Amino acid sequence: MSQTPAIYRFRLYVAGEGPNSLQARANLHALCSEHLPDRHQIEIVDVVREPRRALEDNVLLTPTLVKLSPEPVRKVIGNLSQTPAILQAFDLRPASQ
Amino acid sequence: MSFGVYGSIKKCQTGIVGLDEMTRGGIPQGRATMIQGSAGSGKTVLALQSLVNGARLHNEPGIFVAFEENPQRIAANAATFGWDLAALQKKKLFFLDAQPTPDLVQSGSFDLGGMLAAIEGKVKELGARRIVFDALDVVLGLLDDPAAERREIYRLHEWLLERGLTAIITTKMGGEVGTLPTKAPASMLQFMVDCAMTLNHEMVEGVCQRSLRVIKYRGSSFAENQSPFLIGEIGVEVAGSRELTGRTVNVTSERVSSGVPRLDTMLGGGYFRGASVLVTGSPGTAKSTLCGAFAEAACIRKERTLFVSFDSDPAEIVRNLASVNIRLDRFEKRGLLRLVSARTGLISAEMHFMRIRALAREQKARCLVIDPVSSLSKHGNSPITHSVVERLTDWVKSEGITMVCSSLLDSVTPEVESTPLQISTIADTWIHLSYLVHAGERNRALTIIKSRGTEHSNQVRELMLSNAGITLTDVYTAGGEVLMGTMRWEMEQAELAKQLVVQTESRRQLADLKLAEVDLTGRLKALECELEAKRAERDVLKHSDVLHQSGLVARQLELRGLRGADARKSVRTLVKP
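Residue numbers (the numbering used here), protein chains in the order written: chain A, 1 to 97; chain B, 1 to 577.
Hints are computed from structural coordinates only; laboratory data are not their basis.
All of these numbers come straight from a predicted model, not from anything done at the bench.
Fair warning: there could be bad hints in the mix.
[To be verified] Listed next, with one range per pair, are the computed distances between beta-carbon atoms: (1) B:Arg-24 x A:Glu-43: 31 to 37 Å; (2) B:Leu-161 x A:His-29: 25 to 31 Å; (3) B:Leu-161 x A:Gln-88: 37 to 43 Å; (4) B:Arg-24 x A:Leu-87: 27 to 33 Å; (5) B:Asn-59 x A:Leu-87: 51 to 57 Å; (6) B:Ser-221 x A:Arg-52: 41 to 47 Å; (7) A:His-29 x B:Gly-82: 28 to 34 Å; (8) B:Asp-103 x A:His-29: 40 to 46 Å; (9) B:Ala-147 x A:Gln-88: 41 to 47 Å.
[Said to hold, decoys possible] Covered stretches of chain A (in silico footprint by chain B; criterion: 3 or more residues with CB under 8 Å from a CB of chain B, positions within the stretch not fixed): (10) 35-44; (11) 50-62; (12) 66-76; (13) 79-86.
[Claimed, not checked] Here are a few chain B residues that sit away from chain A, every Cβ distance over 12 Å (derived from the structure): (14) Leu-57; (15) Val-105; (16) Asp-111; (17) Gly-114; (18) Gly-121; (19) Lys-122; (20) Lys-124; (21) Lys-333; (22) Val-460; (23) Val-553.
In this text, a Cβ means the ideal position worked out from N, Cα and C, and glycines have one as well.
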C-alpha cells in the first residue's frame, strides 16, 4: 500500500479518422479514466501522417495500443472494445474488485 | 465498358516464361492477381519470383509484404535460386515483415488502414510498381468476422487500384483442388481480383506432381488447362501452355544417316532431317545400339547432340556401345556429344520434359536421343506422358532437331505393334526390333513399320551386332518361313553348294561351245582356203586359154605374114573376142 502506484505510459497507433481508430481513442480514454485515473500518459501516433514511424516501430495493424511502461512492453490490437482482454494483458484488476 | 478497353488490357510480365505463356503475356497491370494453394504449393516462391523478375528485368521496384514468414527466412530460402536478393534489396526490393506477433492480444476490430499508410510511404520512396501480399489469409483470419474481412479485402483492393500497383495476393486454400474456397471472404477476394490462379501439388504413386491453373482472367484469354510446374534450381518453372505451338515447321528433304548404312538404304537415304524416329522393341533388341549409332553418325557430321538415357549412366553407355564399335567417348570429350543420365526415377514426366528441353537448348543440339522415352510413363506419370511426349515431339520439330527415341514394348509378340504411349502416331519413322526364336536361337529382326514421306523397304532384315558394328543382313525366306542365324547360314551354305554345281555345269557347257566354235572356225578357214585354190586354178586355166588363143593368132599372123597377106587389120579383128 505504501508503494507509489506506477504511471502507465501508452502509445496508440491509429490510421487517420477511421472508425476503428476513433473508437480506439475513445475506448482508451474511457479505460484510463476508469482504471488508471491520474496515472497514465497517452501518445497518439497517426500512421497516415507518419508512415515511417509505423515501419520503424513495426506496427502495421491499426489501431494498435502499446503499453510502454511499466515493463513488460505489451501490444494490443483492435479498437479496444473488449475491456477484459486489455486488463488481463496489462495486469490490471477490474475496478469492481 | 467497351470491348476496346478489354482488348487493350495491359499486362505485366512475371518473367516466368510458362506462366506468361499461359496468361498470354503476364498478369494484369495495375490490378490484383490472386494465387491460392495449399501449404507448400509454391505460392510464396512464385510471387517472390515474379516480384524479383519485375525488378531485375523490367526495372520495376517491388514490395513484398510477408504476413506468415519471416522475410529474412524467405530471402535465405530464395538465395539458392541465385536471384541476388541482397543487391536488389538496396534499391528495388523491400521486404515488409507484417507477421502478427505470437503474443498478440486482440481487443475488438482492427483494420489494414495503418499498414497501407505505412506501405504507401515505402511505395513512394522506392517508386514501387509491384507488390506482393503473401498469405493475406493470416491477417484476415485474425479479424474473425466475415463482415470485417470483406471490408478489409475491399479496402485493400481499392487501395491497390487507386495506386495502379500490380499486385499478387496469395492465400491458403484447403480442400479439393479447383473448388471455390469455402470461406466466404476468400471467395470474395477471388471474385474481386482480375486474375486468379490455383497452385496444386499432389502425390501420384509417390511422385510429386505440381500444377498451376489459371481460373480467371478478366479481359483476356488464357490457357484454361492446368499446367505442371516445378520448383527447380532457378525457382519456379512452369511448363506453360500445353497447347501445341502450331508453329510452321521448316520441312526439308535433307537426309541424315541413321549410322547403319544398310538401314539408310532401306529408308531411301536415311532419316529426314528434323524427323522424329521411334525405335520400338523388347528388352535387348538393340534399341540403345541403334540410338547410339545415330548419335555417333551425328557427331561424325559434327552436329551437336544430346543423348538422354533413362537406363544407364553416361560411362556405362560409352562402354556398352564401344563393344559394338560405336565410340562415343571421343565426341563427348570434345563437347560435341552430351550424355545425360535421367535415371533419377522419382520425378514427373513434365520435369523430365522441361529438363530435356533445357539441356537440349544448352547443348544447342541438332540431334537428340532419348533412350527409352517409355520411361517417362513410369512412376504415376502415365496419364500425362502422352501429352508430354506429344509436346516434346512438337517442340523438337519446331526447333528442327532430329530425334531418335526408343520405346519399350510391353508385349513381346510383334503382331501387337502398338506402343504403350501411342507415340507411334506422332513419330515420322517407326522402326521395330524384335526377336525371332527358332531352332534354339534368338535372333534380332528389324522392320520399318512406317516412314512418312519416303519409300522404304518392306523387307525384314536380320540385325547382327559384332565388334565391328551393326550389320543388317537379308533374312532367308524359304517355303514361307523366315530363317535367321544359324538356320540362315545353313541354308545359305546349301544354296552356295547348289550354285557351285550349277556354275561348274555351265562352265563345262561353255567350254563345249567354245570347242565347237573353234572347230567350225577352223573348218570355215579350210573351206576358204580351198575356195581360194579353186579360184586360182580357174584363173590359171582362163589365162592359159587366152595365151593359147593369142598364141594361135600369132602363129596365124606369122603364117599370113609369111604368106604376105595384110596382117595388121586381120590380127585386130581376130584378137577382139
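How the hints compare with the structure:
no. : hint                             : result
1   : B:Arg-24 x A:Glu-43: 31 to 37 Å  : violated (52 Å)
2   : B:Leu-161 x A:His-29: 25 to 31 Å : violated (36 Å)
3   : B:Leu-161 x A:Gln-88: 37 to 43 Å : holds (40 Å)
4   : B:Arg-24 x A:Leu-87: 27 to 33 Å  : violated (57 Å)
5   : B:Asn-59 x A:Leu-87: 51 to 57 Å  : holds (52 Å)
6   : B:Ser-221 x A:Arg-52: 41 to 47 Å : holds (43 Å)
7   : A:His-29 x B:Gly-82: 28 to 34 Å  : violated (54 Å)
8   : B:Asp-103 x A:His-29: 40 to 46 Å : violated (25 Å)
9   : B:Ala-147 x A:Gln-88: 41 to 47 Å : violated (26 Å)
10  : 35-44                            : violated (count 0)
11  : 50-62                            : holds (count 9)
12  : 66-76                            : holds (count 3)
13  : 79-86                            : holds (count 7)
14  : Leu-57                           : holds (27 Å)
15  : Val-105                          : violated (4 Å)
16  : Asp-111                          : violated (5 Å)
17  : Gly-114                          : violated (3 Å)
18  : Gly-121                          : violated (3 Å)
19  : Lys-122                          : violated (7 Å)
20  : Lys-124                          : violated (9 Å)
21  : Lys-333                          : holds (58 Å)
22  : Val-460                          : holds (77 Å)
23  : Val-553                          : holds (161 Å)
Of the numbered hints stated above, those contradicted by the structure are hints 1, 2, 4, 7, 8, 9, 10, 15, 16, 17, 18, 19, 20, listed in ascending order.
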